[in-house]
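A.B. asks: Each chain, written out:
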Amino acid sequence: MGVRNTDKLAALSGVKLAAASAALLLACTARIEGPDSRPIGVGIDGKPNGGSSGPGSGTGTGTGTGTGTGTGTGTGTEGDGTVPHPTTLPTPSACKNNSPGPRALRRLTALEYNASIRDLFGDPNVPLTSVFSDPTVLGFSVDSQALVVQGLGAQQLMDQAESVAHWAVTTHMDKLSSCTTNDANCRQSFIRNFGRRVHRAPLSDADVSVYERLFSAEASFNDGAEAVTAAMLQSPYFLYRQELGTAAGSGYQLTSHELATALAYLFTGSAPDNELSSAADNGSLNQPQELQRHAERLLQSQAGHRVIGTFMKDWLGLGKLETVAKDDNVFKLTPELRQAMAEETRLLIDSTVFEKNGSFASLLTAPSSFVNQQLASHYGLKNAGSLSAQFTSVTFEPSERDSGLLAQGSLLTALATAAESSPVQRGKMVRTRLLCNELPPPPPNVDTSLKPANGGVTTREHFAAHSQNPLCASCHQRMDPIGFGFEHYDAFGRRREQDNGHPVDASGSVLGDASEVPFEGLPGLTEYLTTQANDTVNACLARYWAYYAFGQAGWTEDQCTYDSIIEQAKTDGFTLKAVAKAVVNTPRFTRRAAE
Amino acid sequence: MRTLNRRTWLKTLAAGTAMLPFLDIEQAAQAAPAGGAKRVVLFCTMGTVPSIWTPKSVRAENDFVLADSTSPLDAIRKHMVMLEGMPSGNTGDNHGSPDGLSGLGFSASGQAQLVSVDQFISDRLKAGGIKTAVPTLLLGAETTGGGGKTMFNRANNLPTISSPLAAFKAVFGNVKAGGGGGAPDPATEQLLARRKSTLDAITGQLQTLRQNVGSEAKARLDLHLESIRQIEGRLSPSEGGGGVEQIAGCGQDLKATDDVSDVLKANAVHMDILTSSLACNATRVAAIQFGSDQILQVNLPELNLQGDEHGLMLHSGAGDGFSKLIAFEKWLSQRFVDLVKKLEATPDPDGGGSLLDSTLVVWARDMGDAAAHNQESMRFVFAGSKYLKKDANGRYLNFSGKQRHERALLSICEAVGITDFKGFGDPGLADKTPLSELKA
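So the protein lines, in turn, are chains F and D. The first sequence begins at 1 in the working numbering and counts up one residue at a time. The second sequence begins at 1 in the working numbering and counts up one residue at a time.
Among the clues, some could well be false.
In silico EDC-like cross-links for lysine to aspartate or glutamate, where the CA-CA straight-line distance does not exceed 20 Å [unchecked claim]:
1. K218(D) x D134(F)
2. K386(D) x D431(D)
3. K332(F) x D262(D)
4. K196(D) x D134(F)
5. K196(D) x E595(F)
6. K218(D) x D119(F)
7. K175(F) x D119(F)
I should point out that these hints are in silico values taken from the structure, not numbers from a laboratory.
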């Protein structure tokens with residue numbers, strides 16, 4: 001079996017096996033809704049990790065049906081007060097009062113931290129090493145409740161801040177300060193101006209005094225600037241993004257600087273640029289149309305393109321392309337070829353989303369792709385010889401290769417084992433990431449060993465045990481039949497008509513509550529996802545984009561936010577840009593509820 | 001004042017640590033506690049398939065023939081004890097559950113003790129006055145791949161340091177406070193003073209911010225504040241009232257990069273960092289984990305082993321008798337042997353023998369039968385330290401399901417002198433004592 005969902009199955013803890021199996025069957029079928037229904041979360045009942053929420057700890061006894069949305073209070077004895085990280089998308093909390101949800105404090109992600117420092121000095125070559133050890137949550141590294149500074153973290157940040165400060169003073173003094181005389185005026189000017197950029201907001205007088213004290217303990221301007229720069233880079237006002245706001249009515253209104261920060265990190269993955277900072281300073285950002293204008297501007301930038309690419313990669317699990325070990329005996333997948341596949345997908349996303357202003361359906365049905373000679377040869381395209389090392393747009397002959405996102409080499413290679421295609425991984429991706437139906441892990445004490453794939457069996461036959469054993473089938477019937485639709489493509493994304501000596505059978509089906517929809521190959525699956533399941537897929541995209549944008553998998557009345565995104569995006573044909581920018585117009589983006 | 005670079009700083013310190021105040025505390029920290037071990041190393045991997053691990057034939061506790069997958073352990077028989085047949089608190093807990101090092105894992109009753117033994121030991125050592133520069137050193141590339149988990153927990157799952165370069169810098173890159181002896185170097189003192197003032201300033205900002213946020217964010221800021229307190233402890237260990245002084249200038253010969261594209265290669269560097277961290281007295285509790293509970297990308301073309309351990313070797317291996325898994329487990333066994341031998345060849349920084357004499361090394365896993373996803377028969381390999389009861393031919397103990405695996409974790413605690421286990425594992429464990437069979 002391939003990669004497994006990391007849900008925890010509380011119902012099985014301490015329960016006898018037979019009962020557990022029955023419970024699982026019930027749990028599995030009761031929990032999973034058909035593709036046409038609203039996506040559901042699979043909060044696990046009774047399990048501390050899945051049951052508790054909010055304050056208290058992961059060892060609480062909450063009874064919510066998801067993480068973070070129940071009302072359990074932590075009563076664990078060893079908890080540190082942090083909230084358990086979700087392992088599945090929680091069931092959304094119903095929208096009753098149009099609540100914008102709670103305030104937030106979000107540590108910069110590792111990528112945001114690096115980008116922010118590079119932008120502070122306008123130099124991509126700032127000497128930086130990794131200083132964060134962040135877990136992946138729901139496939140992303142953005143979860144505000146999981147991004148912490150703990151253990152050796154503060155030490156690592158300190159070391160890095162000191163070395164960057166030293167480098168900056170030695171090589172980029174112009175970016176730090178316009179003056180270098182060791183007098184009160186120059187010191188103030190440096191602290192306020194550079195500090196404003198690091199804090200992403202004007203410094204309070206109290207903060208200025210703090211930095212002044214550090215400065216004046218040093219003998220020279222350079223030493224003082226170095227000490228203060230190092231301190232600023234360790235400051236929580238740099239390391240954490242605030243979404244706290246000021247009291248307004250019954251809740252809070254985010255400040256213009258907080259809005260600028262939120263906008264910048266969402267659409268560029270870095271701190272506000274000069275134009276956005278000025279808009280924050282002069283208060284124009286408090287106008288919704290200005291927010292939208294900057295959102296559009298930033299999304300169109302190179303950084304904006306990268307953000308969409310990163311989101312897609314994490315949403316669809318494409319990151320594995322870089323690290324998945326492959327069997328050299330079957331095919332030697334070189335780093336260059338991996339990169340070429342990644343580049344193909346990057347160009348496809350860029351072209352579809354930004355040049356053509358397309359939707360996710362447009363990506364799924366994209367009629368052409370981008371290859372260079374190496375990739376074209378790998379794909380076995382007959383015109384490969386006429387291509388060069390440059391990537392160029394190519395329309396595949398249907399007999400040579402399918403078009404669209406699902407047929408991208410990056411996806412097919414990432415979602416496969418070392419030597420074989422994996423209907424489970426591919427089916428699971430569609431089921432959980434495009435349809436937002438969650439799946440529990442395999443139950444214990446089932447023989448999960450597959451029969452050997454020798455003696456000329458096809459992959460489909462190889463996985464037959466999944467459908468024959470009822471303990472396996474209850475969940476695998478939701479994955480494998482979808483994954484079989486990918487069977488024309490091997491573990492290296494190459495098209496094949498034969499699988500172990502037999503003609504490929506790429507017929508598949510998508511099982512729902514009340515129906516089973518058959519389809520033929522990737523064109524059939526694509527057709528299904530862009531017509532019958534179109535709304536479901538778009539809602540799922542909106543849900544994951546909201547997670548990426550707000551760094552939380554759920555909060556009180558989060559359905560309000562998802563509804564707002566969907567409603568806005570619908571009026572614009574659900575283009576990806578519309579989905580992306582819709583977040584800015586949700587109540588949550590500018591306001592927060594009282595706690 | 002001249003600007004000081006790190007090398008000069010460290011050289012300056014080397015002279016300064018020759019004489020230390022609070023010598024009685026230092027002596028206490030140096031002496032092996034009643035347990036017989038001063039240090040713990042955890043070598044953490046996925047579960048296996050029991051039939052390939054269990055010795056091929058067993059005539060007596062100290063008379064057994066190793067299975068192929070563990071055959072490299074022949075080289076360290078005199079140092080080691082193999083254990084199996086011990087269920088966890090909840091044998092169906094499955095992937096990513098904390099049972100492996102916490103004894104209990106999840107619980108239907110709701111109260112689950114999620115502290116892993118490494119964290120528990122570190123907390124207790126510190127409470128007992130043994131404070132190290134690094135409380136626990138958790139290493140391992142890509143240990144949260146595929147949404148997976150590490151074996152280390154404290155309410156939430158604790159990540160390892162993935163990048164060897166980041167690990168090296170975290171352990172060996174920082175500046176230690178000078179001890180008493182000799183005239184203080186003004187530049188050194190200045191840098192130390194600057195750091196302390198900076199940390200005070202940051203702490204003040206964190207405390208201000210903390211007043212304006214909800215309890216969930218408060219908890220995270222508290223982690224940050226504690227992380228800063230740890231630095232302050234490292235800057236002045238003697239001021240903290242007792243502590244183990246990390247040896248200045250130690251470990252500087254290590255070579256490390258940020259590259260984690262090949263997990264096994266990165267972990268090889270991590271192993272060097274781990275052994276150096278013990279030799280340099282940076283920590284007394286260190287661990288290395290190979291991959292997450294979900295995925296370990298194995299790239300050993302010379303052994304014809306390429307693929308994810310879990311998918312390829314555990315779940316697709318039955319057809320050919322798990323030959324790939326056996327080959328990979330053999331490779332892991334060899335790494336374990338290398339670790340034990342390295343510790344044997346390294347002097348204890350406090351004197352009195354080798355690091356192996358004072359270190360309990362434990363190979364632990366997250367599940368028992370990883371192909372069947374259960375924790376019915378957890379297995380360990382214990383090695384080293386004066387605590388462990390050994391035999392020239394090695395020892396193999398099979399508890400046949402009659403003893404909870406938590407008792408082996410309690411043995412690890414007892415080895416470093418901890419005998420009060422309140423707050424660890426299953427509060428309802430009937431026999432909450434270490435395994436007497438393990439103790440010399």
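A.B. asks: With reference to the structure, classify each hint as holding or not holding.
C.D. replies: Status of the hints after comparison with the structure:
1. Distance check on the hinted pair: K218(D) and D134(F) sit about 19 Å apart at the alpha-carbon level, within 20 Å; holds.
2. For the hint pairing K386(D) with D431(D), the CA-to-CA distance comes to about 24 Å; that exceeds 20 Å, so the pair is violated.
3. Note on K332(F) and D262(D): the hinted pairing holds, with a Cα-Cα distance of about 16 Å set against a maximum of 20 Å.
4. For the proposed pair K196(D) and D134(F), the alpha carbon gap of about 27 Å is over 20 Å, so the pair is violated.
5. A distance of roughly 36 Å separates the Cα atoms of K196(D) and E595(F); the hinted pair therefore is violated under the 20 Å criterion.
6. With a C-alpha separation of about 29 Å, the suggested pairing of K218(D) with D119(F) is violated against the 20 Å cut-off.
7. Between the alpha carbons of K175(F) and D119(F) the distance comes to roughly 10 Å, so the proposed pair stays at or under 20 Å and holds.
Checked against the numbered hints given earlier, the structure breaks hints 2, 4, 5, 6 and satisfies all the rest.
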